[in-house]
Amino acid sequence: MSELLIETEDGDLDSAPMNLQMGPSHPAMHGTIKMRLKLDGEIVQRSDIEVGYLHRGFEKSCESVTWTQVLPYTDRLNYVSPLCNNVGYCMAVEKLIGVTATERCQYIRTIMAETSRIGDHLTCVGASAMELGAFTAFLYAIEAREELWRLTEAVTGARLTHSYCRIGGLKDDLPLDFEASYRVVEKKVRSLIYDIRALLDTNRIFLDRMKDIGCISAERALSLGFTGPCLRSTGHDYDVRKYAPYMIYDRLDFEVPVGVKGDNYDRYLVRLEEVDQSLRMIDQCFKQIPAGPINVDDGRLVLPAKDEVYHSIEGTIAHFKLIMDGIKVPPGEVYSYTEAGNGELGFYLISTGEGRPYKCRVRPPCWALMQGVAEMVEGYQIADIVPTFGSINMIGGECDR
Amino acid sequence: MSQYVVGRIQEKFGAAVLSTHASQGDDTVVIERGVLLDLLFFLRDDAELAFNLPIDLTVVDWYRLRELRFEVVYHLLSTSKRHRIRIKVPLDEDDLKLDSSFPVWPGLDWFEREAWDLYGVTFEGHPNHKRILMWEGFEGHPLRKDYPINQRQPMTALLGEKA
Numbered sequence: 000m001s002e003l004l005i006e007t008e009d010g011d012l013d014s015a016p017m018n019l020q021m022g023p024s025h026p027a028m029h030g031t032i033k034m035r036l037k038l039d040g041e042i043v044q045r046s047d048i049e050v051g052y053l054h055r056g057f058e059k060s061c062e063s064v065t066w067t068q069v070l071p072y073t074d075r076l077n078y079v080s081p082l083c084n085n086v087g088y089c090m091a092v093e094k095l096i097g098v099t100a101t102e103r104c105q106y107i108r109t110i111m112a113e114t115s116r117i118g119d120h121l122t123c124v125g126a127s128a129m130e131l132g133a134f135t136a137f138l139y140a141i142e143a144r145e146e147l148w149r150l151t152e153a154v155t156g157a158r159l160t161h162s163y164c165r166i167g168g169l170k171d172d173l174p175l176d177f178e179a180s181y182r183v184v185e186k187k188v189r190s191l192i193y194d195i196r197a198l199l200d201t202n203r204i205f206l207d208r209m210k211d212i213g214c215i216s217a218e219r220a221l222s223l224g225f226t227g228p229c230l231r232s233t234g235h236d237y238d239v240r241k242y243a244p245y246m247i248y249d250r251l252d253f254e255v256p257v258g259v260k261g262d263n264y265d266r267y268l269v270r271l272e273e274v275d276q277s278l279r280m281i282d283q284c285f286k287q288i289p290a291g292p293i294n295v296d297d298g299r300l301v302l303p304a305k306d307e308v309y310h311s312i313e314g315t316i317a318h319f320k321l322i323m324d325g326i327k328v329p330p331g332e333v334y335s336y337t338e339a340g341n342g343e344l345g346f347y348l349i350s351t352g353e354g355r356p357y358k359c360r361v362r363p364p365c366w367a368l369m370q371g372v373a374e375m376v377e378g379y380q381i382a383d384i385v386p387t388f389g390s391i392n393m394i395g396g397e398c399d400r
Numbered sequence: 000m001s002q003y004v005v006g007r008i009q010e011k012f013g014a015a016v017l018s019t020h021a022s023q024g025d026d027t028v029v030i031e032r033g034v035l036l037d038l039l040f041f042l043r044d045d046a047e048l049a050f051n052l053p054i055d056l057t058v059v060d061w062y063r064l065r066e067l068r069f070e071v072v073y074h075l076l077s078t079s080k081r082h083r084i085r086i087k088v089p090l091d092e093d094d095l096k097l098d099s100s101f102p103v104w105p106g107l108d109w110f111e112r113e114a115w116d117l118y119g120v121t122f123e124g125h126p127n128h129k130r131i132l133m134w135e136g137f138e139g140h141p142l143r144k145d146y147p148i149n150q151r152q153p154m155t156a157l158l159g160e161k162a
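Same order as they appear, the protein sequences are chains A and B.
According to numbering that gives the first Met the number 0, the residues represented by the first sequence are 0 to 400, in order.
According to numbering that gives the first Met the number 0, the residues represented by the second sequence are 0 to 162, in order.
Check each hint, because a few of them may be wrong.
Stated by the list, open to error - Restraint-style ranges between C-beta atoms, simulated for each label pair:
(1) Ser22(B) - His310(A): 36 to 42 Å
(2) Asp47(A) - Asp145(B): 31 to 37 Å
(3) Gly124(B) - Gly298(A): 48 to 54 Å
These are calculated hints, taken from the structure and not from any lab test.
Glycine included, each C-beta is placed from N, C-alpha and C at the ideal position.
Isolated chain A (complex conformation):
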């Protein structure tokens, strides 16, 4: 961009490049990110991103607690869709142990993970619209998300940090009237999404800010390690749910929406289309879900029933051992991956046979996305950073761990 620099020999105003620090406490840098920018007028020449402001030592903490106690930490990775993380972590441990969750459990996990994903996408779309001034769209998106969260609260008992999954099963089965209350919520969510799309899809201001801004090619995105909606917006259809179906995704009929140019508008459209697909998946899950147990029948993994704990010595001991020593995971290593809200969420676990993880590495999709943002904002105006950064959907908890 250096040819844009104006020579000042004729006594014109000085237009030397300016350095600007954006963040870490900036309203549009949700999740405390600092950007160091080199500006030529309003054009970003170079940018350097600093992360780490939200680093809590996820891995270090995991190494000192039992396998089950890691679950609440995973809630706090991507805190907008915690259920996807729960499912991802439990599947990783189960793969290492060599057990498979029951049919019913897999269906419930799918339903909850997809509900969570809808909430995640709506938050991203709503927040990036709000940053462009479309406050109504934000309110609609958050209202829809709130409905979904109320539903998840009825299932898991918590609004935000659910810790719903357990190794080998779930905390609880679905409430009896779950499908009925889901139908009510689904209707509301669909109508709110219709309203959001009516407000934004062809909105002149929105289009001007989103179209052809923050473009990235599929090839470049791949070499930067992009996954999830941001990769799919470039036209590449990599989706873990299709490429390596886990749980029961191979029994569901759904499509993978892809974009063309990899600009902000494509990312917006891909997210909203994915919400549609998720609703479709949940529909099919309700049709297919079988009755049956939600936990695997293995006393080494699953806590005994409360009645047994209080009234039999075996139950008390089993409960005590599972809580104090933790589940014994056979020695070995495993990399297990699922499709979370932002892309491939991988867990690389190492066990030495103890009740605690020797290593619990999480591969956060945001990490790769964030390093790509630096080049996605270069060459565009400073105001374009806001929608580009918004459409990436950086979640501090997941990026900085």
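Starting from the known structure of chain A, fit chain B onto it as the hints suggest.
For chain B alone, coordinates are given in the frame of chain A:
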């Protein structure tokens, strides 16, 4: 599935392959550090292997458990061939250096910085070899097993303390 990849690597880098295994179905190749870059270029450029998505890079600290204390672990994916591979490079504590894989995949940039920050592995040739999660001036590498979990290093002086 990716047994084929393991076979191709053994064929090409026979002597430098230290061992292979497939724990829980994840095919793994342990190699000598000297051939790392050649191997990554080979995996990326060979038409039949076509690894195009660098998934992850991390380090394992086998403190007092193994002779070579550290192990750098790569997870790679080919979206066209739909296969995955895990590459491991054992490193000695006294010579904790590895070639930067930035020229192969720019996406490993931050992963390498993180590995330096949290484990202290130096990546030679990395364009911006700085800490990323911790601040400049932080002492030690917190994810090493001999870094106590309760050790505090506040960035600013605590209330009532002298800076």
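Outcome of the hint check:
A beta carbon spacing of about 41 Å between serine 22(B) and histidine 310(A) agrees with the range 36 to 42 Å that was offered as a hint. Our hint of 31 to 37 Å for aspartate 47(A) and aspartate 145(B) holds, since their Cβ atoms are close to 32 Å apart. A hinted range of 48 to 54 Å for the beta carbons of glycine 124(B) and glycine 298(A) is consistent with their spacing of about 53 Å.
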